[in-house]
Amino acid sequence: MQILVLVAVIAAAAVTGLKFYEDRKIRDLAFWLRRTYPQSYEKLPWVVRNANRAAAVEAFRQNPDIEDAELERRYVEARRSRRWQVIGVATAITAVAIAVAGHEFLGWTLVRGPRP
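Letter by letter, the sequence shown follows residues 1 to 116 of my numbering.
Treat the hints loosely; a few may be bogus.
What the hints assert, rightly or not - Across the chosen pairs, the derived CB separations fall in these ranges:
hint, residue 1, residue 2, range
1, I66, A101, 21 to 31 Å
2, E104, E72, 25 to 35 Å
3, D68, L6, 23 to 33 Å
4, W32, A101, 13 to 23 Å
5, A51, Y21, 16 to 26 Å
6, E77, V47, 22 to 32 Å
Keep in mind the hints are simulated off the structure, nothing from the lab. Remember, it's a predicted structure, so these values are computed and weren't measured experimentally. Using N, Cα and C, we set each Cβ at its ideal position, and we do this for glycine too.
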């Protein structure tokens, strides 16, 4: 059971690290968009420009007037870790589910000896 808990913790830590990396890349992409398309960026609502940069990036990607290969390349690079995040979350959930099922049905405990 200790191994399952350890696997869940490591998977959750890995997902957190990957999410921080993705957020940093999206932030850098938003700053690049601000420098590259200043007029279009200023037309976005204040909240999107300053607080929700991922929405700003999506607004630029969905804008039919902007066809920029560099934007798409940077976006794909930022979202590259998304699959590993899903795998990490699934691993953590599975490990916790197995640990709970083992505790409930097989009497597994975190300490040695029988369950009280």
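Quick rundown of the hints versus the structure:
1. I66 - A101: 21 to 31 Å: 50 Å, violated
2. E104 - E72: 25 to 35 Å: Once the Cβ atoms are compared, 48 Å apart, the range 25 to 35 Å for E72 and E104 is violated.
3. D68 - L6: 23 to 33 Å: 44 Å, violated
4. W32 - A101: 13 to 23 Å: 47 Å, violated
5. A51 - Y21: 16 to 26 Å: Since A51 and Y21 have Cβ atoms about 20 Å apart, the given range 16 to 26 Å holds.
6. E77 - V47: 22 to 32 Å: At 25 Å between Cβs, range holds.
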